[in-house]
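Protein chains in written order, with the working numbering: chain A, 1 to 111; chain B, 1 to 114.
Just so you know, the hints here were simulated from the structure itself, not pulled from any lab data.
A quick note: this is a predicted structure, and the numbers were derived from the prediction, not measured.
Among the hints, erroneous ones may be present.
The following label-pair restraints were derived from C-beta to C-beta distances [what the hints assert, rightly or not]: (1) A:S14 x B:T112: 32 to 40 Å; (2) A:Y96 x B:E73: 17 to 25 Å; (3) A:D55 x B:Q17: 46 to 54 Å; (4) A:N22 x B:D26: 30 to 38 Å; (5) B:E52 x A:K60: 33 to 41 Å; (6) A:S110 x B:N62: 38 to 46 Å.
Computed list of chain A residues with no C-beta within reach of chain B, every gap over 12 Å [to be verified]: (7) T12; (8) E16; (9) T20; (10) S72; (11) G78; (12) S79; (13) S83; (14) D84; (15) L107.
Sample of chain B residues lacking proximity to chain A, with all beta carbon distances greater than 12 Å (derived) [claimed, not checked]: (16) L13; (17) T20; (18) G53; (19) S67; (20) V113.
Beta carbons are placed, not taken as given, at the ideal position from N, Cα and C, and that holds for glycine.
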Amino acid sequence: GDSVTQMEGPVTLSEEAFLTINCTYTATGYPSLFWYVQYPGEGLQLLLKATKADDKGSNKGFEATYRKETTSFHLEKGSVQVSDSAVYFCAPRERYSTLTFGKGTMLLVSP
Amino acid sequence: NAGVTQTPKFQVLKTGQSMTLQCAQDMNHNSMYWYRQDPGMGLRLIYYSASEGTTDKGEVPNGYNVSRLNKREFSLRLESAAPSQTSVYFCASSEAQWQDLEAFFGQGTRLTVV
Chain A
1 GDSVTQMEGP VTLSEEAFLT INCTYTATGY PSLFWYVQYP GEGLQLLLKA
51 TKADDKGSNK GFEATYRKET TSFHLEKGSV QVSDSAVYFC APRERYSTLT
101 FGKGTMLLVS P
Chain B
1 NAGVTQTPKF QVLKTGQSMT LQCAQDMNHN SMYWYRQDPG MGLRLIYYSA
51 SEGTTDKGEV PNGYNVSRLN KREFSLRLES AAPSQTSVYF CASSEAQWQD
101 LEAFFGQGTR LTVV
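This is chain A alone, in the form it adopts within the complex (with noise of 0.2 Å):
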């Protein structure tokens, strides 16, 4: 089955700093690959997704790429704010399959 392999966090950056969280996740197939934001006390919403090779997804100043050859979707975003501060989830979806999470990596943004 599918997996997916997120940074460890927490990771912590001063307001304005540039961000990365990478991911790579194994499939058997050609999934299409979403990011997942959640923030303090709530559910999951979607942040970005990309559905086949050299896609971008972007959405609030965020982008992830999907990378084929590296079965990679790194998140990244190039001036964070406090309000950004959350857990981000990286999640394959294969063909008539279910989302799977990464373990999530919780970002903190200090002004």
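Following the hints, position chain B against chain A.
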């Protein structure tokens, strides 16, 4: 825009008690899911229902049962709660069981078993 609604939001049970977590979605989605979230473990799939009338086990089904009551509702039942079932439970739905479709999540139920 209600989306996915879970009840209750919080619950404390004694070991051996039973309870049902309720989930309803108003997006006319075909597929629904139950996950549990534990520290350091991410989200793990308990059960899912790809379409009305079907249910299937996920990664961690032991100790749970589910019912897809109709297209809108998908409940999760703990017949005899154990401390190991202390967790945050999330219900989710998606339009169908297709890979490029996102899932929408409820706000979660925080369950403590003492």
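Now the hints, each set against the structure:
Here the CB-CB span from A:S14 to B:T112 is close to 36 Å, well matched to the stated 32 to 40 Å. A hinted range of 17 to 25 Å holds for the C-beta pair A:Y96 and B:E73, which are about 23 Å apart. A hinted range of 46 to 54 Å holds for the C-beta pair A:D55 and B:Q17, which are about 48 Å apart. Against the hinted window of 30 to 38 Å, the Cβ-Cβ separation of A:N22 and B:D26 comes to about 37 Å, which satisfies the hint.
Distance hint check: the CB atoms of B:E52 and A:K60 are about 34 Å apart, consistent with the given range 33 to 41 Å. Taking the beta carbon of each, A:S110 and B:N62 are about 41 Å apart, inside 38 to 46 Å as hinted. No Cβ of chain B comes within 12 Å of the Cβ of A:T12; the nearest lies about 18 Å off, and the non-interface call holds. The Cβ of A:E16 lies farther than 12 Å from every Cβ of chain B, with a closest approach of about 29 Å, so its non-interface assignment holds.
No beta-carbon of chain B is positioned within 12 Å of the beta-carbon of A:T20; the least distance is around 19 Å. Residue-level check passed: A:S72 sits 18 Å from the nearest beta carbon of chain B, beyond 12 Å. At roughly 24 Å from the closest C-beta of chain B, the C-beta of A:G78 stays outside 12 Å, upholding its exclusion from the interface. A:S79, annotated as away from the interface, keeps every beta carbon of chain B farther than 12 Å; the closest lies near 26 Å.
At roughly 19 Å from the closest C-beta of chain B, the C-beta of A:S83 stays outside 12 Å, upholding its exclusion from the interface. The beta carbon of A:D84 is kept farther than 12 Å from every beta carbon of chain B, the shortest such distance being approximately 19 Å. Its beta-carbon lying about 15 Å from the closest one in chain B, A:L107 satisfies the requirement of being farther than 12 Å from that chain. For B:L13, the requirement that its beta carbon stay farther than 12 Å from each beta carbon of chain A is met, with the minimum near 21 Å.
At roughly 19 Å from the closest C-beta of chain A, the C-beta of B:T20 stays outside 12 Å, upholding its exclusion from the interface. The Cβ of B:G53 lies farther than 12 Å from every Cβ of chain A, with a closest approach of about 17 Å, so its non-interface assignment holds. Every beta carbon of chain A lies more than 12 Å from that of B:S67, the smallest distance being close to 18 Å; the non-interface claim holds. Consistency note on B:V113: stated as away from chain A, and its beta-carbon is indeed over 12 Å from all of that chain's, at 21 Å minimum.
The structure meets every hint from the earlier list without exception.
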